[in-house]
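Q: In case you want the letters, here they are:
2 protein chains.
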Amino acid sequence: MASSRPFSCLNIVVFLCFFYVLPQVSLAAKARHFHWEVGYLFWSPDCVENPVMGINGQYPGPTIRAKAGDTVVVHLHNKLHTEGVVIHWHGIRQFETPWADGTASISQCVINPEETFVYRFKVDKAGTYFYHGHYGMQRSAGLYGSLIVDVADGEKEPFHYDGELNLLLSDWWHQNVHEQEIGLSSNPMRWIGEPQSILMNGKGQYNCSLAGHLSKKTSLCKLRADAQCAPPILHVLPNKTYRLRLASTTSLASLNLAIGHHKMVLVEADGNYVQPVTLDDIDIYSGESYSVLITTNQNPSMNYWVSLGVRGRHPATPPGLTILNYHPNTARPPSSPLPIHAAWDDYPHSKAIANKILALQGSPKPPTRYDRRIYLLNTQNKINGFTKWSINNVSLALPSTPYLGSIKFGLKGAFDHQSPPENFSSEYDVMKPPSNPNSTVSSGVYKLEFGKTIDVILQNANALNANVSEIHPWHLHGHDFWVLGYGEGKFSEEKHSKNLNLKNPPLRNTVVIFPYGWTAIRFVTDNPGVWAFHCHIEPHLHMGMGVIFAESVERIKNIPQAAIGCGMTAKMVMNNSHT
Amino acid sequence: MASSRPFSCLNIVVFLCFFYVLPQVSLAAKARHFHWEVGYLFWSPDCVENPVMGINGQYPGPTIRAKAGDTVVVHLHNKLHTEGVVIHWHGIRQFETPWADGTASISQCVINPEETFVYRFKVDKAGTYFYHGHYGMQRSAGLYGSLIVDVADGEKEPFHYDGELNLLLSDWWHQNVHEQEIGLSSNPMRWIGEPQSILMNGKGQYNCSLAGHLSKKTSLCKLRADAQCAPPILHVLPNKTYRLRLASTTSLASLNLAIGHHKMVLVEADGNYVQPVTLDDIDIYSGESYSVLITTNQNPSMNYWVSLGVRGRHPATPPGLTILNYHPNTARPPSSPLPIHAAWDDYPHSKAIANKILALQGSPKPPTRYDRRIYLLNTQNKINGFTKWSINNVSLALPSTPYLGSIKFGLKGAFDHQSPPENFSSEYDVMKPPSNPNSTVSSGVYKLEFGKTIDVILQNANALNANVSEIHPWHLHGHDFWVLGYGEGKFSEEKHSKNLNLKNPPLRNTVVIFPYGWTAIRFVTDNPGVWAFHCHIEPHLHMGMGVIFAESVERIKNIPQAAIGCGMTAKMVMNNSHT
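Protein sequence lines, in the order shown, are assigned to chains A and B.
Numbering follows full-length UniProt numbering, in which position 230 of the first sequence is assigned residue number 230; successive positions increment by one, without gaps.
Numbering follows full-length UniProt numbering, in which position 567 of the second sequence is assigned residue number 567; successive positions increment by one, without gaps.
Don't read these hints as lab results, they were simulated from the structure.
One copy or two, it doesn't matter: identical chains are merged, so the pair holds either way.
25 Å max Cα-Cα, derived PhoX-like pairs, lysine-lysine:
# : residue 1 : residue 2
1 : K79       : K382
2 : K412      : K79
3 : K67       : K122
4 : K557      : K452
5 : K356      : K498
6 : K351      : K498
7 : K156      : K67
Please read these numbers as outputs of a predicted model, since none were measured by experiment.
From just these sequences and the hints, can you work out the full model?
A: Rendered as structure tokens:
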């Protein structure tokens with residue numbers, strides 16, 4: 001009977017509360033819950049059907065949108081059949097939640113099939129981020145999506161825009177990642193080769209081209225707008241300013257984005273504001289994210305090309321394409337020529353762009369002195385005939401029991417307790433193939449004390465073959481770092497140290513080392529956790545190209561059960577958990 | 001200096017001990033240690049290269065050879081990248097070691113990448129066994145090998161033979177198992193289709209035929225003897241008797257083996273002796289093993305065909321072939337016609353063979369009465385549009401935390417605590433598609449008390465499509481059972497119960513239900529553990545075709561840490577383990 005009374009006392013109270021509370025809630029930080037299932041699906045990212053790792057039946061995964069200060073809560077259920085899974089929240093520093101960093105063997109036990117793990121972390125800083133698998137090569141299998149953090153209510157970005165566009169960039173192979181992994185781990189190694197397609201928001205075209213009408217070689221795509229491989233058209237109004245968010249989760253490809261007839265103003269890099277700088281085109285390495293402003297001030301009766309070309313490797317993949325579509329034009333491919341990207345090996349062009357990225361005035365500045373400087377030489381090596389990448393002659397092999405638990409509880413035998421070297425021989429000739437290509441394997445970690453200023457000099461070198469040195473974008477977990485500078489050849493304390501930029505170095509979480517060059521970064525150990533620092537090229541990490549920083553782990557408390565309930569730390573679940 | 005004295009006192013002692021101890025050791029039961037690494041390799045089982053799951057770099061895995069009473073100790077290290085793994089020792093009953101049965105989600109936590117699990121179990125009974133993956137569809141990926149137990153020293157087999165031959169039978173797809181799994185789990189379901197090849201000891205021929213010279217359609221194989229797909233030639237001497245061991249680990253195919261001009265005398269089934277019976281050809285269902293005796297009493301100047309055809313499904317796969325090669329002939333393919341297998345749907349032929357398999361005199365007899373009779377109706381169903389197999393309208397979905405630990409420690413919420421039904425509606429028409437194809441999913445178990453005699457009536461039915469009923473070979477873990485009989489249509493207590501064979505029913509671990517038929521089995525609950533009982537067709541199990549028997553779990557003690565160190569039982573590791 002009660003249910004038939006439309007306005008009971010209780011109803012009125014609820015009604016009043018709702019209107020009273022709502023404004024408070026929308027101003028205050030929120031917990032934003034997501035319920036996700038990871039599973040394989042058949043999908044056609046580039047018009048060719050393949051198994052793809054998706055979330056809730058979609059690929060790429062859903063976009064997370066939150067406001068600075070919010071807590072994101074992802075209930076991640078594993079619906080894979082025999083594979084564990086984790087998800088890394090790329091660019092989120094995970095202050096006070098190092099177990100939520102989503103790195104297998106490092107920050108947590110993998111989530112086994114039919115298990116659910118709850119990722120709960122604060123997004124403390126507005127910016128363009130993304131998330132992706134961080135186990136085996138599951139990122140390459142398609143496990144990724146966008147994570148966008150808006151400024152908190154009442155806050156403003158230091159630039160104006162009328163609308164927003166978002167492109168998550170990736171590369172795609174038709175060979176499934178299991179076979180890719182087997183090939184990379186075979187002797188002789190079978191390289192994965194160049195990607196079949198470049199994708200924007202998980203969409204590309206393999207058998208045809210949007211620019212087929214401009215080419216004699218390739219046929220024009222005939223795609224329904226709802227095809228899984230139909231390009232994500234950028235719909236714009238004339239004479240407006242748009243913020244275009246770009247993030248690259250490529251497995252291998254370094255990219256360059258150019259928009260016909262439009263310049264871009266760079267304003268954000270990896271969730272940090274930068275000095276606005278106008279660019280004709282922008283390089284995006286795997287693991288990086290940017291925001292650029294575009295003003296739609298060109299002839300509004302036309303559409304314009306958005307082109308994404310490959311940098312740093314002899315391209316065997318056609319550029320990814322989409323259309324900047326001025327309203328009210330139909331979204332027809334432009335008849336204008338495609339933007340021309342700089343030659344793939346025009347490194348001066350790439351270095352010029354990298355050197356233009358500087359911190360916005362008022363950004364946090366680095367300490368002027370460092371407490372510890374670690375030199376990391378990147379080399380390609382052989383171990384028992386297997387091809388590997390090594391850092392100071394150590395190729396990283398992750399242990400079965402995650403570091404976070406095994407270090408916290410002082411377990412012996414969970415990983416190699418000898419720390420890897422902090423430097424390399426001064427005799428090493430970075431311009432030549434290694435004179436002794438043999439290397440070693442280890443799961444050792446660099447222990448970092450709390451409250452110290454750490455410099456890392458990333459030193460590139462020649463690979464196994466003569467006259468080959470590759471691009472490596474290095475990504476640090478748990479931190480942003482200042483990029484103090486890039487240089488050619490071998491870093492020299494005397495020559496280069498004094499020229500490092502301490503005035504306005506940009507804060508990043510990912511930075512490139514150019515072929516035969518070095519890159520210097522600085523960060524402060526203010527975030528207890530176990531953090532990977534690694535080349536973001538998926539097969540390179542798979543072949544050992546990374547190091548582990550164990551940062552004041554003794555300060556970590558209340559690790560959730562599920563993060564340590566495996567391997568040698570399973571027995572710690574009973575006494576050391578808060579959930 | 002000491003090392004230069006050739007016969008020090010110590011040396012003499014060691015020398016004497018060696019000769020003194022050796023005869024004792026060879027008579028006594030042994031612990032036989034194996035160190036295995038599971039990993040993917042590129043391999044060409046049927047002359048086409050594909051990723052294959054192998055052990056120690058070989059496919060199929062190494063053969064285990066032991067003597068009755070020995071303890072087999074397999075140190076299994078997982079070198080897969082993102083997949084857990086377990087190995088089931090098919091036919092070994094695991095008395096007192098139920099945690100070593102190698103069933104994911106049932107008897108143990110999966111072995112995650114870079115972890116090692118030690119399987120330690122007694123092989124108490126001579127016979128022809130095999131081992132295989134029991135997680136997802138890893139058996140279909142190639143994770144299997146032979147396990148042969150000889151009689152203990154001083155014991156004799158109840159038949160004579162001069163030499164031994166061994167064929168492990170399987171079927172092979174070019175689509176990798178991950179894609180097979182995704183297809184089976186898709187809506188609409190994508191069926192895996194018929195295998196590309198039938199393999200003997202992991203070898204078959206896809207693009208050619210050993211009998212190419214007899215056919216206008218297929219070309220003759222030109223294979224080097226060391227090719228991965230070269231057939232396993234059966235080399236024999238004239239006028240001898242050979243024991244041919246056969247075991248089928250097929251994913252799908254029911255097989256029939258015939259040898260040109262040679263009869264076979266069946267002497268063993270699933271590690272149990274049977275009344276010797278002479279057969280022209282023998283059916284082998286997935287999960288079954290046999291020994292047959294062959295006497296090489298034919299024209300010794302010729303070789304003879306060994307042919308393995310497909311039963312029970314319209315064959316789209318050419319027979320697997322090899323050669324019975326009489327010494328000293330070269331191993332050339334015979335010019336005689338291929339043996340002709342009965343038509344794929346000649347079920348009377350198959351039933352005649354099944355009914356000839358009876359226990360050898362002196363074998364253990366079944367109790368004459370049962371304590372409990374469970375009826376299991378096998379149906380194909382739909383659940384939310386997904387195609388499933390169900391038992392009494394319950395499709396089995398395994399939990400994330402293995403039963404053995406969660407039942408032992410009385411954990412709530414680890415699986416569905418409602419037991420599935422023990423019977424089905426008497427109205428159900430097994431000759432027609434289900435009138436309501438909807439089914440349910442559950443992880444519930446049948447609880448069995450210790451020391452009881454259990455009957456199971458396996459009842460086949462029509463599948464989703466009219467006029468389709470399939471073969472299902474059911475395999476029981478932890479037990480042999482007596483096969484009391486097979487029948488047509490629906491089992492009737494009144495009509496059929498009194499005609500069951502209690503005199504000389506064979507002991508088996510796997511038994512077939514024929515289309516539209518029933519099969520009655522009996523076993524005694526003398527082995528505490530959690531035991532799967534399921535259709536051995538890999539995609540059928542994957543789609544839910546199985547049940548779980550939780551047998552007097554309260555009697556199990558000292559479960560090893562590694563078997564429970566995951567999921568909800570991780571926290572039990574500390575207090576309840578002996579290693």
